[in-house]
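K.L.:
Here's the letter readout for the chains.
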Amino acid sequence: MDKHSSNPGLEHEVVVPKEPDYHGHPNYLKIYLTLLGLFALTVVASLLHNPLIVFFIVFGISIIKGTLVLLYFMHLKWEPKLIWIMLGLALLILLFLFIGTYPDIVPVQRYLVPKA
Amino acid sequence: MEKIKKLTWREIPQARLAVWTLIAGEFVIFGGLIVMYILNRLKYESWGEMAQHTNVWAGTINTFVLLTSSYFVVKAHEAAVHKNKAQIKKWIWLTIVCAFMFLGIKSYEYTHEIMHGFTLPGKHLVAEGLGVESRYWSFYYTMTGLHGLHVIAGALALFFVMRNVTKTGKNYQRIEAAGLYWHMVDIIWIFLFPLIYLIH
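Chains A and B, in that order, give the protein sequences. Numbering follows our numbering, with no gaps: position 108 of the first sequence is 1097. Numbering follows our numbering, with no gaps: position 92 of the second sequence is 534.
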């Protein structure tokens, strides 16, 4: 049980039971502002001229932003290992997809047989 | 400071477990498309030229809208913990407004692009001998279109859950479950936006 004001119009505090699996609420505004800051950084970084550098910077920032949403907005930080394993497996499948199809799609010179 | 007990896998509510399973599946679907897009983008430099035809301003505004909607959803979840129906209604409606804004901006973008001949089959580009370039637009419409359908599904889920919770005064945990789905929609866009719009 915890004390919360369930109605901002009332001056007295009302005791409200917590949900059984309560996992706490981080400072959402702080995380939201951090996300907006990173978003602004993404847009600024995209103004660089080298596409490969832009790719690594903006994709890196996207990974940080996605992780922040997962950990704090989706409360993954407080979820059991089972959820982590499930998401980890999904990412592993994507990694296999990338590694497995990379040589077929992107030309890799060392795989080419030199012409006689 | 309050110490928060971590749940075991047996204690996690079924609704949340179900949504997390769905999210893992969605990550594979969208992740697969993103992986293929990256590989093709590495192969075809001309895709960068095609990306210049997208409306960066519209994409930027839409990213801001989705990030803001994610904040509204966590506020709705916080209100659900306190069983505050008025606050739940307020935050969910704000999220739904964001969903409409996102779809409206996306429709404007689609109209603009289609009018310039950048369509899903890309017949106009193929006729000009730009078959490779037309594939960029196939990816563009598939990824953003599928994402748009998820925005619609997420907004509908939030609406029906909100209506049920505010009418019955029960099932407050459903707000979090529907919210999880909405955050997933946001995460996908976080990756789509720079890949499609910013890397030229």
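A couple of the hints might just be wrong.
Stated by the list, open to error - List time: in silico PhoX-like cross-link candidates among lysine-lysine, alpha-carbon distance up to 20 angstroms: (1) B:Lys-448 to B:Lys-527; (2) A:Lys-1070 to B:Lys-448; (3) B:Lys-609 to B:Lys-548; (4) A:Lys-1066 to A:Lys-1019; (5) B:Lys-531 to A:Lys-1066; (6) B:Lys-531 to B:Lys-448.
Derived from the structure by calculation, the hints contain no laboratory data.
K.L.:
Quickly compare the C-alpha distance for B:Lys-531 and B:Lys-448 to 20 angstroms and report which way the hint goes.
P.N.:
violated, 29 angstroms
K.L.:
Does A:Lys-1066 lie within 20 angstroms of B:Lys-531 when you go C-alpha to C-alpha?
P.N.:
violated, 27 angstroms
K.L.:
Within a Cα-Cα threshold of 20 angstroms, do A:Lys-1066 and A:Lys-1019 meet the stated pairing?
P.N.:
holds, 16 angstroms
K.L.:
So if I understand the rule, the pair passes when the alpha-carbon distance is 20 angstroms or less; does B:Lys-609 with B:Lys-548 pass?
P.N.:
Violated. B:Lys-609 to B:Lys-548 sits at ~33 angstroms, over the 20 angstroms cutoff.
K.L.:
Need the status of pair B:Lys-448, B:Lys-527: alpha-carbon distance at most 20 angstroms?
P.N.:
violated, 27 angstroms
K.L.:
Next pair to validate is A:Lys-1070 with B:Lys-448; report whether the Cα-Cα distance is within 20 angstroms.
P.N.:
holds, 10 angstroms
This entry does not satisfy hints 1, 3, 5, 6, going by the numbered hints stated previously.
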